[in-house]
Amino acid sequence: MNVSIIGLGQTEVKEMWDTSIRHLAWYAIEAALDDAHISKVDALYVGNMLSGELSQQNHLGALVADFAGMRGVEAVTVEAADASGGMALRQAILAVKSGLVETALAVGVEKMTDQTGSAVTAAMAYGLDADYEAMQGLTLAGMGALLMRRYMFEHGLDVADFAGFSVNAHANGAANPLAMFRNRLKPERFASAPLVADPVNLFDMAPAADGAAAVIVTSREKAMDMVPQPVEIAGSAVATDTIALHDRRDVLWLQAAATSVQKALAQAGVTTEEIDLFELHDSFTVLAALSLEAAGFAGRGEGWMLARDGEIGRNGRIPISTFGGLKARGNPMGATGMYQIVEVARQLRGQAGECQVEGAKVGMAQNLGTNGATAVTHILRVAE
Amino acid sequence: MEVSRHWRLQAQRYQLVGETCDSCGVKLFPPRDVCLECEAPAQELYTFTGLGEIYSYTTIYDAPAGFEHNAPYMVALIKLEEGPLVTAQLTDMDPSEAQIGMPVEMVTRKLRTDGEEGMIVYGYKFRPAVKELTAV
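One line per chain: the protein sequences are B and W, in this order.
Our numbering puts the first residue of the first sequence at 1, with every later residue one more than the last.
Our numbering puts the first residue of the second sequence at 1, with every later residue one more than the last.
Hints should not be assumed to be uniformly reliable.
[What the hints assert, rightly or not] Each computed DMTMM-like pair below joins lysine to aspartate or glutamate, with the alpha-carbon atoms no more than 25 Å apart: (1) 263(B) with 39(W); (2) 79(W) with 131(B); (3) 27(W) with 131(B); (4) 263(B) with 274(B); (5) 27(W) with 250(B).
[Said to hold, decoys possible] Over the 10 Å line for every Cβ pair with chain W, so calculated as not near, a few chain B residues: (6) 70; (7) 72; (8) 136.
Hints listed in this document are in silico derivations from the structure and should not be mistaken for laboratory results.
Treat the numbers as computed from the prediction; the structure is a model and nothing was measured.
Built from N, CA and C at the ideal position, the CB exists for glycine as well.
All chains, please: the whole structure from these sequences, using the hints.
Encoded structure:
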């Protein structure tokens, strides 16, 4: 694609009562600028879902540019529900690829804790169909539950059959100093966790939290001169599906996820066998299973078996959620997709510490909006 | 709450008025003007019978603002006898009774309120079927 990553930044993911949305964004941007050894960029893309609803603050492009000492720079907010982060990177890539922008910074930021309780639950449902889903009282967790119940029904499964996803996520999160949850999860405790939306329980669902992550991209030629370890963007693709689950011809098939993976693989000229790790959108365990199926790592109805059989661990066939995933690293909605990119890039640089997937050369990140109504897939590769 | 936003959906909320595609004949709910199947214009109104069966369901414990007083409550995907799925609350039943494939029918109920002085939004919910499925 002739676009490379030259800078990475991220904050811890947790409840940060003393930190505002502008500070969160700045901390990630500052880290990314330091990492790239530069002080400014030509364009700024801010991925965010909920600042208007939870912090009464829109216009994040100007706000973040101003606060980050980049007054005057082109800047805009990118919104695609919990796919906002991945989509912000997509815009940065398009900008650089167009030739109109030399160096672009994409930051995903979400400030979840300016409100609490039912207000946050309502806001998280803003990515659903307001008139025909949310107005019936459906929540994001409820959406995950409708998918999970049907998946269990069609494939004859119990809640405990999904345990492997969260056990893996927590095992990896335990090795990530920035993760929200660093405790290991006992498989036998999984199915008895308190219910959020039956059958989705607290151990199925990723926790909402504050966080920000940033990535700086520029052309491949320029990147080679700027940093010792540029990471190449080998594939970048977006697809959409019906916004409401009830309008899907096949509720248990993530068509947008499948389409975006196929496009990204074709751009990168690789097959799924060559993908060394996959940061997928495990906001619910069932979405992890469905994402593995849509990407082609498992047959239909067999995604959960990869978790059961230990294929998703660091040394498994397809390592996922290598820094804890949404489940254990935490899910700052509009920032989540940017964490995925930072994590894949760290793996490819060999800077993943205890989370390192040995010899990782090609990594894939997929960021979903709600139930896969938006799917953003990126394939990153060690620069040759 | 936004009065006009709910007022303009009264035919859908109270009567399950959707559409039939002029081109391929598929029935659509919610109405969407461009057919989901063949992408031709679909603007002929069709009132659904309100009969169907449960396709998937959940009980929501962590309720969003405006629904707290109902929690826990059940939301389902209902497969209408004409074909489409619709997202709706289940009512007049205990969560332990629900199962996939269970026949249900539409009723009109209070969806949410907005405080003592605010608007009350009514709309469709589904309950265990009293009527038999009709042949469509």
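Here's how the hints hold up against the structure:
At roughly 23 Å between alpha-carbon atoms, residue 263(B) and residue 39(W) fall within 25 Å of each other, so this suggested pair holds. Among the hinted pairs, residue 79(W) with residue 131(B) is consistent with the structure: their alpha-carbon atoms are about 18 Å apart, no more than 25 Å. Distance hint between residue 27(W) and residue 131(B) is fulfilled; the C-alpha atoms sit about 19 Å from each other, no more than 25 Å. A distance of roughly 15 Å separates the Cα atoms of residue 263(B) and residue 274(B); the hinted pair therefore holds under the 25 Å criterion.
Note on residue 27(W) and residue 250(B): the hinted pairing holds, with a Cα-Cα distance of about 17 Å set against a maximum of 25 Å. Taking the minimum C-beta to C-beta distance to chain W, about 36 Å, the non-interface status of residue 70(B) holds against the 10 Å cut. With a cut of 10 Å on Cβ distances, residue 72(B) stays outside the contact zone with chain W, its closest approach being about 38 Å. Not every Cβ of chain W is farther than 10 Å from the Cβ of residue 136(B); the closest lies at roughly 5 Å, contradicting the non-interface assignment.
Figure legend: structure checked against the earlier numbered hints; the only hint not met is number 8.
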